[in-house]
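Here the protein sequences line up with chains A and B, keeping their order. Quick note on my numbering: the first sequence kicks off at 40 and runs consecutively. Quick note on my numbering: the second sequence kicks off at 868 and runs consecutively.
Think of the hints as simulated: they come from the structure by calculation, not from any bench. Warning: the hint list may mix true and false statements.
From the derived model, a few chain A residues whose C-beta atoms are all more than 12 angstroms from chain B [stated by the list, open to error]:
id	residue
1	V42
2	T45
3	T52
4	A85
5	G92
6	A93
7	T109
8	H130
9	E131
10	T153
11	A157
12	R165
Distance ranges between label pairs, derived from CB positions [said to hold, decoys possible]:
id	chain 1	residue 1	chain 2	residue 2	range
13	A	A160	B	P1008	19 to 29 angstroms
14	A	M40	B	T1001	56 to 66 angstroms
15	A	A104	B	E1605	22 to 32 angstroms
16	B	R1349	A	A104	25 to 35 angstroms
17	A	G57	B	T1367	42 to 52 angstroms
All of these numbers come straight from a predicted model, not from anything done at the bench. The beta-carbon is built from N, C-alpha and C at its ideal position, and this holds for glycine as well.
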Amino acid sequence: MKVNITVNDRAVTADVPGHELLSDFLRDRLGLTGTHVGCDTSQCGACVVHVNGASVKSCATLACALDGATVRTIEGLSAPGSLHPMQKAFHENHGLQCGFCTPGMIMSAVDFATVTPAPTAEAARRWLEGNLCRCTGYQNIVAAVLAGSAAMQTTEGARST
Amino acid sequence: MTQATGIGASLRRKEDMRFLTGHGNYVSDVSLPNMTLAVIVRSPHAHARIIGIDVSEARKMPGVVAVFTGADLVADGVGGLPCAWPVTGKKGTATKEPAHPPLAVGKVRHVGDPVAIVIAESLVEARNAAEAVTVDYEVLPAVVGVLDALKPGAPVVFDDIPDNVCVDWEVGDALATERAFSKAAHVSRISLVNNRLVGNPMEPRAAVADFEAARGKYTLWTTSQFPHIVKLLMGNFVLHIPQHKLRVVSPDVGGGFGVKQFHYAEEALVTWAAGRLGRPVKWVCERSEGFLSDAHGRDHVSEAELALDENGRFLGLRVRTVANMGGYLSTFGPNIPTNLYGLLLAGVYTTPAIYCEVKAVFTNTLPVDAYRGAGRPEATFLLERLVDVAATEMGIDRAEIRRRNMIPGDAYPYQTPVMLQYDSGDPAGCLDKALEAAGWNAFAERRKASLEKGKLRGIGLVTYIEACGLAPSRIATRLGARGGLFESATVRVHPTGQVTVLMGTHSHGQGHETTCSQIVSQRLGIPAENVEVVFGDTDRVQFGLGTYGSRSAAVGGSALAKATAKVVTKGTKIAAHMLEAAEEDISFEDGRFSVSGTDLSKTFEEVALMAHYPTDYPLEVLEPGLEEQAFYDPVNFTFPCGAHVAEVEIDPETGVVELLRYVAVDDVGTVINPMIVEGQIHGGVVQGIGQALFEDCVYDESSGQLLSGSFMDYCMPRADHVPPIEVHTHSTPCTHNELGVKGCGEVGTIASPATVINAVVDALSHLGVKHVDMPASPSRVWRLIANAGFSPARS
Ligand code: FES
Ligand code: FES
């Protein structure tokens, strides 16, 4: 099935089998290995990307259903050599250890910041319910999400998908 | 400048950039030209005889490159997966080490036991062909529980081990302990289960292998915490590849927690297959496959008794534990419930007589091995539960009974009755700090407030000690280790004065690229940004034993400090020559070699340049270049200790336990990077909370099927499950390593299960509840409350 998808501002045309998951499409076809796969039951959130601006689990999304869609992955969140305010907040707040959950966490957090006018720690914890992290105990991730949300509200340059 | 990036600074992590931007390089990201994909066919039965395997259909499927079974490995002389740490049991008996073939031969012994590997051009094709492999099984009765495995007539996992006992081990003085019990004014008893867990690092395991025929060289990329040990075990014992013809790379690894510190069948399978096929072979574990193939953790059943005098002083401790080894021995399996458990039973107390017996038994379950804390959380759980039981029974305050029995500050080094000698620690100081921070004394008011809302509130306390910094080779080999546990570090000074460090330890979340840079920054007086840290590649790093047992800072860091000292020694010689001074007159400080009493000096960079551009250089007495390697073998374990307090509120209507507060005070020795140490403790504590409240690996007792085989059934702690963790450090430096570091990776997981359960039991103890098994799930807690006849309305 032929699809046209804009991935990280680049137009991609591909012939995809009906069963191809967006996570495989990104990782195997486009080499965008920043999107991770941590489970096979749509429980971990390591694979979260943005489709038309909203966070989705790419392991539970079929590529063939995305004709005409805009997809942003962790690789496209900031220009090379620079960091998105949410990425910066994760760095500053030590919101990552092994880094495996990080791309999904950040993509999810950016969406949270975008749709949550007055973010609180409780709201952030609830939002991240679909993102597992085995390393950090979530504490510094929550701190990062709050700091990143605040920075996004004041940063002009924050890109939206 | 160096102060800002040296030891003690909360330097932001250097490794973050690639992870934040999606440019990490994990094994599943490795892609090679002409690569094939592998799928493992696994046993659906817990215990069965393999009557036959038919791969003929699978071989004919589209895209299939090869299908191999155990018979192919046997024909090629492939060995079994070795156990690296057997122990000696009672009366000198040896650990039983049955063969562990990478693909099952004759019998399968647990659900998930690999029986064939299918290799195809694509993953989809490999999966389809795997479905076409037909295995004819004669299903046998299975045994999953350790107590069941010991019953007469129980299914026998290995035909030549009729009692299923792998090793019957003991430590301590049985007679002295018996005498202590005969003098006791009171004896407290507890029976408990330490529930089985699945480690579940977020990155599933993966392995990619390549064989370059022209060089006769194999390369294996694997998600390992110890690539050098994989190289040694797999190369030497399984595949018989000479060490110089095998390279093992563990690039970015997404968490380990012990799960990735074993040599696994799949590593050998892809490497062997790559050699046979002359093409790269890649295998990536799926999560549900990980539940069926990663080694599991814990799984003990224990009985313990504590003898006390009339003042609540501990006289003796007797422990009987049955530990699950699973269907085969994993790399370190037998060491975990023995050395890493029994030797820790003194805790922070002066108990004079201790005797512990451990039966490690085979069952039809996944192999059990180290999982974060490994043996020490089990020891802490048992001891600290029992101390609480004793306090309650004797009517002594729980903090007071601990204080009364605590090793006094002036008693270090302290020799325990179970072999270990603690070098340092201040558990009493940790306890005071923890009680204060947690508001222990004002708890009664908070309990009252909860009760007014119809909730049951409890507070729990633990004081603990652990042995880490694995390990002094001399002691470890006496305890059964089949190898040294030293560490290596190389400091390579470039002509321009920047430094590349090669470490034998492996970082998979711990932030070594940052902390090792801080050690170098401190020692050589250069900014941390001028240091690059390399690890995880056996062709780049000469040797190393990897990362586990909170050893990286204590053992690896010490090797690194030693290597920097060698650099300074050689640099001093070069500087003495450059400055025309005597070596004894040169001092090195803040990156500068100076002649004492003068203003003559040379910078580290100038000396580095001279070492590589030896125009005017004492070649007769000194080699050019500036690169030093050090090997460090510790003289003792390190002993982090501390006190943790948890506070919970239980809804008696639902049995839901809400963790309200968690305070950790830990003595991890010198802190290299406070931010990273705190992060390690946050994560460790939450993993322990997971065991205490959520996680449970459950097998069906009759069929041996794994019931908790995915994230749908195995409850991982999530962000909204846990409160913020309040972390305080209370450091006394380790006395036997130069940096004074002890280790921080496991302390959280060691202390928190007992702390949380002590709080849960405290909330319920007025109902006559003496113990709650883990996880303290709503159904379990609700049943206890209901059985006690408690109804919220009557409270
Ligand atoms: S990979 Fe786990 S939710 Fe998508
Ligand atoms: S940082 Fe390792 S899983 Fe989150």
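_Unmet hints by their number, sorted upward, for this structure_ = 4, 8, 9, 12, 13, 14, 15 and 16
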